[in-house]
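K.L.:
Heads up: the sequence lines are chains A, B and C, in that order. The first sequence stops at residue 572 when you use the numbering used here, and every number in between is there. The second sequence stops at residue 1174 when you use the numbering used here, and every number in between is there. The third sequence stops at residue 2053 when you use the numbering used here, and every number in between is there.
By construction, these hints were calculated from the structure, which means they are not laboratory data. Take the hints with a grain of salt, since some may be wrong.
Unchecked claim - Within a straight-line C-alpha distance of at most 30 Å, the following computed DSS-like cross-link-like pairs (lysine-lysine) qualify:
1) C/K2011 <-> A/K174
2) B/K1008 <-> A/K535
3) A/K563 <-> B/K1103
4) A/K541 <-> A/K521
5) A/K563 <-> B/K1105
6) A/K563 <-> B/K1042
So you can see what is in the structure, the chains are spelled out below.
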Amino acid sequence: MTNFLPGRSRQCGTTGLPVCFDASFFIKANAVFGVVCLLVGGIAAILLGLTRWSAVHLLNDVMYYRILTLHGIDMLIFWILFFEVAVLYFCCTSLLNSRLFSKKIGWISLVLMFIGAVMTNIMILQGKGDVLMTSYPPLMAHPLFYLGIILVAVGVLVALYNFFATIYIARRDKTYEGSMPLVTFGALAAAIIAVFTLLHGATALIPTFTWSMGWTPQPDAGWYRLVWWALGHPAQQVNLCAMVAIWYFLGAVTTGAKPLNETVSRGAFLLYILFINLASAHHLLVDPGLSASWKIWNTSYAMYLAVLASLVHGFTVPASMEVAQRLKGYGKGMFDWLVHAPWKDPGFSSVALSMIIFGFLGGITGVTLGTEQINIIAHNTLRVPGHFHTTVVGGTTLAFMGLTYYVVPLIFQREFYMKGLLRWQPYIFSIGIVVMSMGMSFAGSYGVPRRHWDVDFAGAVLPAGFDSAAHMMLGVLGIGSIVAFLGLLIFILLTVAAVFFGKSLKESKWEGWQSEAAMAKNRETYNRRDEAYEKASHNVKGTLTLVFILLLAFVVYYFANWKALTDVWFVR
Amino acid sequence: MSLHPPPKDWFVAPAGPERLWIGVGLIWCLVMFIAMPYAHFKGKQNSTGESYAVDKVQFQERVDRQVATNKVGEMNGIPIVEPSPGGDAYLVGRMWSWYPILKLKKGQEYRVHISSTDLQHGFSLLPMNMNFQVLPGYDHVLTLTPTSSGEFEIICNEFCGIGHHLMTGRIIVD
Amino acid sequence: MHMENTDNQQKHALQRLMDNPWLLLVLGVVIPTLSYTVWGWIELASMSPATLP
């Protein structure tokens, strides 16, 4: 039973899914604002990459710290939150066959987020927020710096209300039967984590705002770190859930995959919901005042159960693709299914590359660096950005780009120009990010600090510096950042061109990234529930091989780090 | 059916390759989890977060007192202080230096008290690459035993204003 | 066709949990708040004064 108001929805010609006009407007608005933040953050990124490359050292000291603040906030907070809000609008309407709960609430959310993002950006560019994204007291920024972020946080909370309310009315109006689709469940996980995230963000930033206004005393430095990181890290876990939901979504659309076992996939999201926020503790592992017990329990996400969840998704998503591919006839040997996957479809390649980068690089380094003792040789070094650029950028942002390749034609109903070039974009971007992150990680393992303008320490009373090998790694960082920026620019410019100037697809059928025959086969495979499908679900030799290779890499990297730790001075 | 509500009977226990992978993954997770308390008791490098509430002025006074009683030299105008072996040493991070220079003996255990009298700082000892957070109001105590001798650089890796990249220090071990 | 109460009772407890977004929301906020925030807050607040020997 539908609850769409007459004339307020349409059916998508490619997926068959309903599109609510109100939700569609907010998807588009949030996606556009998100991409604007991505562009600002991206321009900041190349300037920073060319500054950390010590041989180039582009920006001066003041501008480096300023642009770094801009980069962190526009990327890690604004870009991803805007895009995720767009994803949430989609998942609670199109996938639940429901209208959006309230257009008015959608507008309130959009306006708050827009004003907030603009406000903070202006403050930073005016030099009134030279405090970096984390804005740790006693560093103090202009009150409007904090207020902008608070408004964005409140705006997202309002959008979350709309999301939960839409779920409520969908169930009330019985717009779907049984349990919600897996992708919506993933979005729900993201939304729940976002509630935790933003409530903590408000708790950290409101007293900091009132302090900057001179109304209240300075928040305690340790207390602020504890509460702020319950915004900072879980914001990235919201990304993780959204990214995995998109993996399932695009897996279905581009290969006809469906989860082998809904219980397993949902169970993994459940583990995220219950435990993933604990690991904000990663940032406080070498902090004073927090005990080893607190650090060990929280950094482990409760005995690494949330990591198990990631290992599970890292298996179920490719496994579901392997089954679909084998059913379509690519069943030869171990990896024929992978070789014949739709690598030319940027929706698929983005997701596949996102999984590889997030799994092999991001996840492994994250868990390892977040080990209480290993953190001693990693905290505040470039190893940390080396890790998170592989998760937030190579993982989440790349998956978001993949989704955009379908959102623009299907929601914006506009065709891309230069589709040939766009098929290459995920690869260009991936190579850049991987090379850059490796440069960061290796430099960081020499001790090169993050968030630091001059690792030659020119002018310091007591000289300090790094080996030339570390500087070479900073050069690798710089070169990687150039390639990544190129990949980013291709994506942004062609997306903007399509959204504003692309050929309208309202009257014509979209050509798609794969042939009509291939897409028809995908739909057919996705809908199969016959015995042949049930039998085929057990042949996932290729995926099993890949995940065991991942596990091996994990074990080696993990113990190599323990060994490296034992070479330093004794400390407790 | 990722995009559509699942069939009514979707709730089934994992089987086959999924069960195998979940089992193996769980074992690895538990290994990683046990590693930390194991290292806490048996390992020589830990971050226990031992810390006390301290007033900034109080801490600076204690640092100055140790400089007055234990000074053994100077480098580029910064005093070199030799704390008693097995005893307490005091180090302050402030915009923009680590003060004073500590002279330690290899193989000896020291209780090194680190704090800040202004903003947050990041204690980073090179080339070993040992990193700890330093907060104003917190007397962060590291029970440290140098296992190598020589001159070691301290840098700051927590942004502390425009002089952040000028902030360095030294620990000398013989 | 909609879920009867009897249907509900036949569902596994884990499935009932996963099908209940409101319970998930409460648990997802309360559990980490207690484990990470409240516990951490208590530890910071119970720091003893420095003796600086």
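K.L.:
Name the hints, by number, that the structure is in violation of.
P.N.:
When the structure is compared with the hints, none of them turns out to be violated.
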